Structures are given as C-alpha cells and as structure tokens.
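A.B. asks: Let the hints inform the model, and build the full structure from the sequences given.
As they're listed, the protein sequences go chains W, U and Z.
Sequential numbering of the first sequence, starting at 1, is according to the UniProt record's numbering.
Sequential numbering of the second sequence, starting at 1, is according to the UniProt record's numbering.
Sequential numbering of the third sequence, starting at 1, is according to the UniProt record's numbering.
Calculated from the structure, these hints are not laboratory results.
Note that the coordinates shown come from a computational prediction; the quantities given were computed from them, not determined experimentally.
Each hint should be verified, as a subset may be incorrect.
You can't tell identical chains apart in this list, so a pair holds if it fits in one copy or across any two.
[To be verified] Derived DSBU-like pairs (lysine-lysine); straight-line CA-CA distance at most 35 Å: (1) Lys2 with Lys196; (2) Lys93 with Lys263; (3) Lys287 with Lys263; (4) Lys6 with Lys339; (5) Lys93 with Lys314.
So the chains spell out like this:
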Amino acid sequence: MKFTVKQIATLLGGEVAGNDTLAITGLAKIEEGKPGDISFLSNLKYESYLYTTQASAVIVDRSFEPRKPVFSALIFVENSYSAFTRLLEEYHKQLSFARVGVEQPSYLGENCQIGEQHYRGAFSYIGRNCQLGNNVKVHPHAYVGNNVRIGDNTIIHAGARILDNCVIGQYCVIHPNAVIGSEGFGFAPQPDGTYKTIPQLGNVILEDFVNVGSGTTIDCATLGSTIIRTGAKLDNLIQIGHNVEIGKHTVIAGQTGISGSTKIGDNCVIAGQVGFAGHLTIANGTKVGAQSGVGKSIDEEGTAINSSPAFGLKESMRSLAIFRRLPSLEQRLSNLEKKNESEKKS
Amino acid sequence: MKFTVKQIATLLGGEVAGNDTLAITGLAKIEEGKPGDISFLSNLKYESYLYTTQASAVIVDRSFEPRKPVFSALIFVENSYSAFTRLLEEYHKQLSFARVGVEQPSYLGENCQIGEQHYRGAFSYIGRNCQLGNNVKVHPHAYVGNNVRIGDNTIIHAGARILDNCVIGQYCVIHPNAVIGSEGFGFAPQPDGTYKTIPQLGNVILEDFVNVGSGTTIDCATLGSTIIRTGAKLDNLIQIGHNVEIGKHTVIAGQTGISGSTKIGDNCVIAGQVGFAGHLTIANGTKVGAQSGVGKSIDEEGTAINSSPAFGLKESMRSLAIFRRLPSLEQRLSNLEKKNESEKKS
Amino acid sequence: MKFTVKQIATLLGGEVAGNDTLAITGLAKIEEGKPGDISFLSNLKYESYLYTTQASAVIVDRSFEPRKPVFSALIFVENSYSAFTRLLEEYHKQLSFARVGVEQPSYLGENCQIGEQHYRGAFSYIGRNCQLGNNVKVHPHAYVGNNVRIGDNTIIHAGARILDNCVIGQYCVIHPNAVIGSEGFGFAPQPDGTYKTIPQLGNVILEDFVNVGSGTTIDCATLGSTIIRTGAKLDNLIQIGHNVEIGKHTVIAGQTGISGSTKIGDNCVIAGQVGFAGHLTIANGTKVGAQSGVGKSIDEEGTAINSSPAFGLKESMRSLAIFRRLPSLEQRLSNLEKKNESEKKS
Chain W
1 MKFTVKQIAT LLGGEVAGND TLAITGLAKI EEGKPGDISF LSNLKYESYL YTTQASAVIV
61 DRSFEPRKPV FSALIFVENS YSAFTRLLEE YHKQLSFARV GVEQPSYLGE NCQIGEQHYR
121 GAFSYIGRNC QLGNNVKVHP HAYVGNNVRI GDNTIIHAGA RILDNCVIGQ YCVIHPNAVI
181 GSEGFGFAPQ PDGTYKTIPQ LGNVILEDFV NVGSGTTIDC ATLGSTIIRT GAKLDNLIQI
241 GHNVEIGKHT VIAGQTGISG STKIGDNCVI AGQVGFAGHL TIANGTKVGA QSGVGKSIDE
301 EGTAINSSPA FGLKESMRSL AIFRRLPSLE QRLSNLEKKN ESEKKS
Chain U
1 MKFTVKQIAT LLGGEVAGND TLAITGLAKI EEGKPGDISF LSNLKYESYL YTTQASAVIV
61 DRSFEPRKPV FSALIFVENS YSAFTRLLEE YHKQLSFARV GVEQPSYLGE NCQIGEQHYR
121 GAFSYIGRNC QLGNNVKVHP HAYVGNNVRI GDNTIIHAGA RILDNCVIGQ YCVIHPNAVI
181 GSEGFGFAPQ PDGTYKTIPQ LGNVILEDFV NVGSGTTIDC ATLGSTIIRT GAKLDNLIQI
241 GHNVEIGKHT VIAGQTGISG STKIGDNCVI AGQVGFAGHL TIANGTKVGA QSGVGKSIDE
301 EGTAINSSPA FGLKESMRSL AIFRRLPSLE QRLSNLEKKN ESEKKS
Chain Z
1 MKFTVKQIAT LLGGEVAGND TLAITGLAKI EEGKPGDISF LSNLKYESYL YTTQASAVIV
61 DRSFEPRKPV FSALIFVENS YSAFTRLLEE YHKQLSFARV GVEQPSYLGE NCQIGEQHYR
121 GAFSYIGRNC QLGNNVKVHP HAYVGNNVRI GDNTIIHAGA RILDNCVIGQ YCVIHPNAVI
181 GSEGFGFAPQ PDGTYKTIPQ LGNVILEDFV NVGSGTTIDC ATLGSTIIRT GAKLDNLIQI
241 GHNVEIGKHT VIAGQTGISG STKIGDNCVI AGQVGFAGHL TIANGTKVGA QSGVGKSIDE
301 EGTAINSSPA FGLKESMRSL AIFRRLPSLE QRLSNLEKKN ESEKKS
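C.D. replies: Below, the structure written as structure tokens:
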C-alpha cells in the first residue's frame, strides 16, 4: 500500500486536519503506530495514545474533539471504526491479489487454460488439462495435479497440494501446506490379519468462498466426491475423511477430525479438536463444543452438543459440574452408609 | 484408463449384451454414471437406476434379468460386485504407477542409484548417496535427503519429506506433505529454567506395505531407529514421536499422537485422536477407542480400551452412561439425605 | 563425521587402549554398534554388550576394568555418559550447519541481504526485501515470503513456510512443513448466515532459540504480532491462533491447539493434545496434563491443571478415579434406596 493521507480521506469520505500529503504505507493499532502507519481512535479509553502515537495519521469520529495537541494528521469520518475496517479490507484485498505474472522456474503441463491476471510463483506445478479462471493466484511450491478446475479469484498458497481431478470454486483460499484430494484411509481387513487397499478414485469438490486452513487435509471420495459447500470455513490442521460433505456456511475450528462418509449440515458451528465418527448425518445449525466426540447422528436442527461422547450441551454442563464434585458425592454416600449401618446396630 | 467394453468383459470373463465397442474412460456409482463410465448393479435396491443411468456400460450378475429396456451395454459376470472391485483395483494400480520419466527441473545429488520405471516429478529433490528401487515414484516437490534407501514400487507423493538416513521398504505409499525422519522433541531442562537440545541422530525405518497419511509426522530416533513395521497403516495428521515402534498390520486413524519410545504391538486397531504417553508397551491386538488417552502399558493381547485416561472398553461404557445421569444420581442421593434427616427429627 | 579414535580421545580428554587410528563415522548404542561407530558404556547392566559389540570404539569410565577381552578400542574418560553426550552434541551441531552454498535452481527476490556461511537449497524461495543473518540454512523447498528477517544460526527445514513480514530470531529451528504467519481464522458472522473475512494483516515474531515442530502452524496476528518468546519449544502438529503469545522457555507437546489472543506465560509445561480457548491468560509455570481442555484463565503461578474442562490436577485425579468406579457408586446408592424402602414398609 502506498497512498497519501488525502487519498485515503477521499476514499473514506472524510476531512483532514493536518498534513494531508504524508505517505501511508501500513495499518497499525494506535499504541503501536509508526511513521507511515495509519491508525484509528474509536473507544475513548485509548484517547491518551492519540497524543503520543507515532502514526502519521489517525482516523477519528467527526464528533471527536482533541483535548491536547496531536502530531498525527487526523481524518474525521462518521464512524472511525467502520472506516478503519473498510480500509483494512481494501488493503487486504489489494495485498491478496497484488501478485501477477509468472516467476521462473515454474511448471505448466500440456493442454491447460489459464485466465487473466493470474500469478504462478516460482516452483509452482500445474499438471495436464487444468482450467484456471481469472485472477487465480498459485503461490510458490503449490502443486496442482492433472484435470483440476479452479474458479476465478481463488488463491492457492505456498505448498498447498490439489490432487488430480479436484474442482475448486471461486473466491476460495487454500492456505499453505493444505492437502486436497489425497487418497483416503480405506483398507479392507483380510482373513490373515493383513489389509488390502481399497482404491480411492473420486475427487474433492470445493464450492465458492471456501476457506481451507494451513495443513488441513481433505481426502478424495472412494467414488464420487467429497464436497465442501459454499462459504464453509475450515481452520488449520483439520482432517476431512473420504466422501464427507460439509454444508454451506459451516465453520470448523482447528484440529477437528471428520471420519469418512459423515454429512455435516449447513450453518453448523464446530469448535476445535472435535472428532466425528463415520457415516453420521448432522442437522443444519448444529453447534458442537470443543474436544467433543460425536458418535451419533443429530436429527434436530439447531441442537447444541458437547463432551465425549457428545450429548446435549446443557445436560453435559450439569454432568461436568458434578464430575468435579465426585469426591464429595462419594463422601456423602459413605456418610449415609455409615449412618445406616450404625442405626441398624443400635 | 481407455478400454472398450469388450476388452473389459474379456478381462472379467463376462459376456456383453449391447454395444461392446464403446470406449470406457472412468468408473462411477450407477446413480452418477456419465457417458464413458462403467458402473455395476449388485444390490437390487438400486435396480431403478439401471434404466436411467448415463453410464456406457453396467456390470451385472449373470442371474440378473432386466425388467425394462436398458440403454447401457451390460456385462454379465458371476459376481458383479467382485468384478467391479477388481476393475477398481486394476485401474487404481495403473493410475498409481502411470507416471514414468523425469520432469525438469528436478534435483539429483551425487552417487545415487535409481531403478527402472521410476518417476521424478518437477521440483523433486533427491540428496546424495540414495538408493531407489524399481518403479519408485517421487512426485513433484517431494524431498528425499541424503543416504536414503527406498524399496521397489514405493510412491512418495507431492511435498512429502524423507529426511537423511531413512529407510523405506517396498510398496509403501507416503502421502502429500507427510514428514518422515524430522528431529524429535528432545529438550533437557536446565537449572536456570531453559532447555538444552538433545541431539536426535537416529533415523526412521518403514518396512514394506506401510501407508503414511497426508501431513503425518514421524520423528527420527535419538539414536537407533523409529520403526513402522510391515503392513502398518497410518492415516492423516498423526504424530509419531522418536524411538516409537508400530507393529505389523496395525492401523491408526487420523490425528492420533504417540509419544516417544512407546512400542505398539502387531494387529492393533487405534481409532482417531487417541493420545499415548511415552515409554509404554502395548500388547498385540489392542483396540483403542477414539479420543482415548492411554497412560499405561497394556500387557494382555486383544484388550479393548477406551476413555481418557483409558481403561477397559466395557467398564468405560458403563461409567460414561452413568456420567450422563450424574444429575439424577445426585438427586437420588439428596432425596436419601433428606429422608434420613427427617426420620432423625421424627 | 569422520575422525580417528585418537582425535576423539583428544577432544574428550581421554586415553585410548587399542587401535587409535581407526576411523569413526557414526554414533550408536552399544548393542547396535557397527564397524565405524563409536559407542559408550556407562550403566554396567549393559557390560556384556562390550564384549560382543561391532563398534570400532567404546567410551568407558576411567574406573572401569574389563573382565574379558574387548575387540573395540576403548577411550577412558572421567564420565563416559557426559563424554558421549558431548560427542553427540558436537556431531549434531556439525551436521546441522554442514550445508553451505547455493544449490540451483533456487529463487531469491530483489533487495535481500544474506549473511555469510548461508545455505540455500534447491527449490528454496526467498522473496523481496528479506534480511538473513550469518549461518542461516534455508533447506530445499523452504518458502520465505517478502520482508522477512531471520537471525544468525537459524535453520529453516525442507518445506517450511515463513510468510510475509515475519521476524525470526537467532538459533531457531523451523522443522519441515511448519507454517509461520499464515492468515488466521477470522470470520465475522453476517445477518444472512454467511461469513465475512476479517483481514489478517499482522505478522509472527519468533524470538531466539525457538523450536517449531514439523507441520506446526502459527497464524499471523490480525494487527500487530503473534509472539513466541525466547527459548519456547513447540512440538509437531501444533496450532497457534492469531495474536497468541507464548512465554519464554515454555514447552508444548504435539497436537496441542491454542485459540486466538490467548497469552501463555513463561516456563509453562503443556502436554500433548491440549486445547486452549481464546482470550485466556495463563500464569507463568502452569502445567497442563495431556488432552486437557483449558477454558478459563489461570492466575496463580505454578498451577497444575488437568482434564476437559481442566481443573486442579489433584482434584481431577480424584474425580477421574471415582469416574471409573461410577457403576459401583450407583450400586451402593441403589442398595441404600432399597434398604430405605424396605425399612419404611416394615
């Protein structure tokens, strides 16, 4: 980013007090602002920082009146928090799509179609018969196998692996070292105690606006497709088994694992380190507490579950509270037993 | 894959009804079949799909008689399910070993021996003094350090890392971004509260037919070897500490972690997200439930354990069932206490 | 390593009995020693191996007197265990920093400064405006983004990803496929059930002597920095959320996850597969048992906690012990109820 204070004020529809020709090259919290940074003051709890910050410019509410001299340029806007957020989003979008062109060496298989404004980093690999849309960014060391389709405005970060035949939608972000479409864990036990590999020949489909976190692994289907639907957000180091389906706008926190053939509904919220058994169906809007172990399907929409094995959130909270008091519970039981015994004797 | 219906029928020892010159290029479930696909009908629950499928050919049992006109070619065989499975396996094997030759740029250190029919993808790295057998496939971005030995028919997928001195057997599959032979977590606490690195100088040995899932990490031994024995199957995102041994034909599901120096026996079945403490010995045939925490050695073969900390599976199921009813248990206790109190008073 | 027995004896201040011209090329346990190896005998439990080992040399205590003929050269030192450890450390240091120079192809962006004795492996990528100190080792397939600073004597292993603007201190080790500075999991729920990306524009700072295990992911801060302080040691497959801080000399075992904005104190010891909720503050010296779920801040230094949700270690051990006996507890309760009932009737 490189803008003048004036350009940013114009973008935000604000008025400047101070030097509007200063160059802005970064964004920062007001207490961490350095020359070249722009910051904001919304909560007046932080007002004292305004008078000491090194930031070149600070966005403030139009209603705000400084009580001391300010060394930064001020940009007055209706809502300083919203304005700063908008600036963040604008800056982030620019950064995300800034890379254009092809660095060498990079590898491109035969018979590929690649859209405009794309980036292919050094050491990126794209196999045969791939179709990549406009504005697709394939970062260094990313691997795209054969027959892969990737929609417009999708970013494949460094070291991510997209295996053969996968389909990735628009506006997806695949973070570093994620693995999409690797062969799942299918082994049939044999009478002699060994295992035979069950071929995994399907693919993975990510619809649009899907986020796949760093180091997350999504296995291909045995036949057919493992599917992550529009707007689903997966955090880091998640494991998604073969033939799983994740519903629209479902969010899943880090290190959760979902076993093969389980279908998670839309708009679910799943915390971190949760485990799901295979072949389950989880209703829309299900909420699952951290470290839960889900062993049964959930039929009713909007259910909240918790614990391992998981059951109703409220019930689990009650059981967990008593769990901590088990020693006193046992003591009370022993007391009753003693009384009972002594009454008998008497 | 590109075969005619006739060629496939010959391979399977079946007879064709319909056009046996159609080209087959893929396999699919009957409800998802497209032109060019071959599918199968075994369970008559799915018979209706036979009359509507777009698949070019469908494998059916010799005893089957269609009740309506079928547009696909039919291949009649003794057991349609087995025949389809055989086709899957044949196709999978062909796909897995299809890549041959060397893509450029790739890196090969001095003094290496590489067998026939090998594949080295673009950006693959093989260090000094390595020995790779016949039909070894080193995919793009895979890293093989110095002094590594890899047996025949082993596949190293994209971005997998095999560090110095490791030994990989025959018919192993190392999935994308797995790490084998990295330095383990050895730090000796010092009197001043800091930690000193304990050098990790050993290696990892994988015997034959071992599967290492995507993103799984296997640390090298401090001295000697971390060993994964013949036929062991590790799923994705598993952590194996230094000096661990995993027995023959033991299967371990995703996100399980095994701390340093623990020895797991043969033919064990370990579910997902399980944790093992260090320096344990786990008997052959042990079964461990998902999310269990194993803190003690298991001496008796064939033991089933569960829960965190883990104990007998049956006992744990009983305790977990009562855990859910703890509020009513406490209520019953309170009722008794009240009665007891009121009886006293009376 | 390639030294003679005599050179090693000189290094260790010991005296040789036997052939001091033998070449030593490796270190091994006494029971696994091969020609060319050096080993040690400290615990006399293993004395019998001394008379059968194939090792070329064995380090023994000065006080030790062999009872049978020994085929290996012996090096007599004050403390054989310490001497061997010193040898291990020396060998490990040499190995770790042995690689020097630039392998091709590798990528170096414009305007970078790189110190002396550095290594850049084939297919390594270093972006624009980076500063790397002396003796920095960037292994094959490692990715270093733009504007990254790396201190002296730091090792970036194969496939590790250091994203834009991160700062890595001296003597750090980043193991294979670790990801540092990827965008964290920030999504704001919208009224229509979808999620909007919250831009993540901060960085990650690792201070000195930090260890980041294989496959571990550390997200950048939303604004500002995610910070891992001096001497902290992170094992494999750990997830560190945005804006987290890890204190000095804190060790964290494998597969633990720490949610956004949580601050962990100095000298904490955190076992494997632990989960921390977000926005917590954990006091210095806190100890957390394996698979614990930490949902609340810890104020008192040196607290030991355990279980999910976590509470005091001792209390949790009592509750967990009773958990296993819940069936008998319920039986005792039922017995009391029956007696109570029968007494009433009588």
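A.B. asks: All the hints need checking, so say for each whether the structure fits it.
C.D. replies: Checked hints:
no.: 1; hint: Lys2 with Lys196; verdict: between (59 Å within a copy, 25 Å between copies)
no.: 2; hint: Lys93 with Lys263; verdict: both (32 Å within a copy, 29 Å between copies)
no.: 3; hint: Lys287 with Lys263; verdict: both (14 Å within a copy, 26 Å between copies)
no.: 4; hint: Lys6 with Lys339; verdict: neither (84 Å within a copy, 80 Å between copies)
no.: 5; hint: Lys93 with Lys314; verdict: neither (41 Å within a copy, 50 Å between copies)
Violation of the numbered hints given earlier is confined to hints 4 and 5; the remaining hints are satisfied by the structure.
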